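J.: In case you want the letters, here they are:
Protein chains: 2
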Amino acid sequence: MALSREIIVSTALTIMDSYGLADVSMRRIATALEVQPSALYWHVDSKQDLLSAMTETILADLPPLLSADPVRLRLWAARFHTLLLRHRGGAELVASALAIRSWDDTPAASVEARLLAESVPPATAHAAAHGLMSLILGHAFAEEQRAQAKILRVDLPERPWDQAESLDGAVALIVAGIFESQ
Amino acid sequence: MALSREIIVSTALTIMDSYGLADVSMRRIATALEVQPSALYWHVDSKQDLLSAMTETILADLPPLLSADPVRLRLWAARFHTLLLRHRGGAELVASALAIRSWDDTPAASVEARLLAESVPPATAHAAAHGLMSLILGHAFAEEQRAQAKILRVDLPERPWDQAESLDGAVALIVAGIFESQ
DNA sequence: ACCTGAACACCGTTCAAGT
DNA sequence: ACCTGAACACCGTTCAAGT
Numbered sequence: 001m002a003l004s005r006e007i008i009v010s011t012a013l014t015i016m017d018s019y020g021l022a023d024v025s026m027r028r029i030a031t032a033l034e035v036q037p038s039a040l041y042w043h044v045d046s047k048q049d050l051l052s053a054m055t056e057t058i059l060a061d062l063p064p065l066l067s068a069d070p071v072r073l074r075l076w077a078a079r080f081h082t083l084l085l086r087h088r089g090g091a092e093l094v095a096s097a098l099a100i101r102s103w104d105d106t107p108a109a110s111v112e113a114r115l116l117a118e119s120v121p122p123a124t125a126h127a128a129a130h131g132l133m134s135l136i137l138g139h140a141f142a143e144e145q146r147a148q149a150k151i152l153r154v155d156l157p158e159r160p161w162d163q164a165e166s167l168d169g170a171v172a173l174i175v176a177g178i179f180e181s182q
Numbered sequence: 001m002a003l004s005r006e007i008i009v010s011t012a013l014t015i016m017d018s019y020g021l022a023d024v025s026m027r028r029i030a031t032a033l034e035v036q037p038s039a040l041y042w043h044v045d046s047k048q049d050l051l052s053a054m055t056e057t058i059l060a061d062l063p064p065l066l067s068a069d070p071v072r073l074r075l076w077a078a079r080f081h082t083l084l085l086r087h088r089g090g091a092e093l094v095a096s097a098l099a100i101r102s103w104d105d106t107p108a109a110s111v112e113a114r115l116l117a118e119s120v121p122p123a124t125a126h127a128a129a130h131g132l133m134s135l136i137l138g139h140a141f142a143e144e145q146r147a148q149a150k151i152l153r154v155d156l157p158e159r160p161w162d163q164a165e166s167l168d169g170a171v172a173l174i175v176a177g178i179f180e181s182q
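Sequence order for the protein chains is A and B.
No gaps in the numbering here: position 2 of the first sequence is 2 in our numbering, and each next residue is one more.
No gaps in the numbering here: position 61 of the second sequence is 61 in our numbering, and each next residue is one more.
Just so you know, not all the hints are guaranteed correct.
Pairs involving identical chains hold if they fit within one copy or between any two copies, as the list cannot separate such chains.
[As the list claims (entries may be wrong)] Distance condition first, Cα-Cα at most 20 Å in a straight line; then the derived EDC-like pairs of lysine to aspartate or glutamate:
hint, residue 1, residue 2
1, Lys150, Asp105
2, Lys47, Asp155
3, Lys47, Asp23
4, Lys150, Asp104
5, Lys47, Glu6
6, Lys150, Asp162
7, Lys150, Asp17
8, Lys47, Asp17
9, Lys47, Glu34
10, Lys150, Asp49
11, Lys150, Asp45
12, Lys150, Asp23
In short, the hints are calculated from the structure, not lab data.
In this text the structure is predicted, and so the values were computed from the model without any measurement.
Hey, can you work out the whole structure from these sequences and the hints?
T.: And the structure:
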């Protein structure tokens, strides 16, 4: 009882943070809420619907990009990266949900808009915005998989470079490319 | 009978190409091979082991990067991208498997080596190689999710730009950044 | 050496029935 | 309106037992 969409979403996020995305199951959420699995389907259309709602909650903490200068672009990228790593399995969840969203409901769309406002050529603005998002999601996904594997097994080989530094380096290359290209 | 590791891997890849990564289950493979699910475990340690073997097979078709000039880098990136999209769910599979691999067993490592041979500064070479791989995997993953969603549902909104072109644009920005930075 | 059969502890989702 | 209970069609993995 006292069941609601919000409570289901926050319980799901709690399970995700504690045990990983693979352990977020309708049955586990139901058990945590002391309710039958089928009860969840009154408040939620499907598991996919729940995952979308979880993504919404996570992305709500993403600050907007204020200005499209190199410094702020790199800072925004770092923020996005940090946000994804704040929840266990956050990168996989957000990457899946953003992929099937309309372009305008995507963090990259706001980056693109800012670049266009700075009179960056449309093709460059789009490639950069889209590229930054794919890069950060791809990088965070890998980092996350490694973190998850570290918990489950032990045979995980270390990476030679600092992960956040590698990402920032790649972000910097794209950012440099935006302004140097014309 | 006539069961072997190779046959299990190729059957798994066939199921993946026909129905997607989510439908690649040990039980489905067993059914396809007219064998009990438990029989697979004589030839394969676990499902994770099988997924690694499948990744190996897919990546075997990735041509080496011959030279680290801008044109060939962009061409190699396009090849990698095409390779991932050739199998349904290929990007997700390869992204997961590469994440927990040692750096040297990664396509990015060979790109890094080529860049170093061209006397690109080590930090730049690593950021670029790592960035290109994450970018391509992240992009292909998203594209793949959209392709999969298109098959299952219909409410998928179209993306405003050509996907392959967007990726090439982002790749070009990184590539330009490598050589213009010093 | 290689496979069967049965079991264990799970999944997402539906749907009639209760309150 | 909101939840239970039971069912359906699935999972990965283990392990004794057969051949």
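J.: With reference to the structure, classify each hint as holding or not holding.
T.: Results of checking the hints against the structure:
1. Proximity of lysine 150 and aspartate 105 under a CA criterion of 20 Å is satisfied inter-copy only: 18 Å between copies versus 33 Å inside one chain copy.
2. For the homomeric pair lysine 47 and aspartate 155, the shortest alpha-carbon distance between copies (17 Å) is at most 20 Å, but the shortest distance inside one copy (32 Å) is not.
3. Proximity of lysine 47 to aspartate 23 under the C-alpha cut-off of 20 Å is found in both arrangements, the shortest distances being 13 Å within a copy and 17 Å between copies.
4. In this assembly of identical chains, the alpha carbons of lysine 150 and aspartate 104 lie at most 20 Å apart only when taken from different copies (19 Å versus 36 Å within one copy).
5. In the homo-oligomer, the alpha carbons of lysine 47 and glutamate 6 lie at most 20 Å apart inside one protomer (14 Å), although the nearest pairing across protomers, at 35 Å, exceeds that limit.
6. Taking CA atoms no more than 20 Å apart as the test, lysine 150 paired with aspartate 162 passes inside one copy only; the shortest distance there is 16 Å, against 38 Å between copies.
7. Proximity of lysine 150 to aspartate 17 under the C-alpha cut-off of 20 Å is restricted to the intra-copy arrangement: shortest distance 15 Å within a copy versus 30 Å between copies.
8. Proximity of lysine 47 and aspartate 17 under a CA criterion of 20 Å is satisfied intra-copy only: 17 Å inside one chain copy versus 24 Å between copies.
9. Only within a single protomer do lysine 47 and glutamate 34 lie at most 20 Å apart by alpha-carbon distance; the minimum there is 18 Å, versus 32 Å between protomers.
10. With identical chains, the CA atoms of lysine 150 and aspartate 49 are at most 20 Å apart between copies only, with a shortest distance of 16 Å across copies and 30 Å within one.
11. Proximity of lysine 150 and aspartate 45 under a CA criterion of 20 Å is satisfied inter-copy only: 19 Å between copies versus 34 Å inside one chain copy.
12. Taking the shortest Cα distances, lysine 150 and aspartate 23 sit within 20 Å of each other inside one copy (16 Å), while across copies they are farther apart (26 Å).
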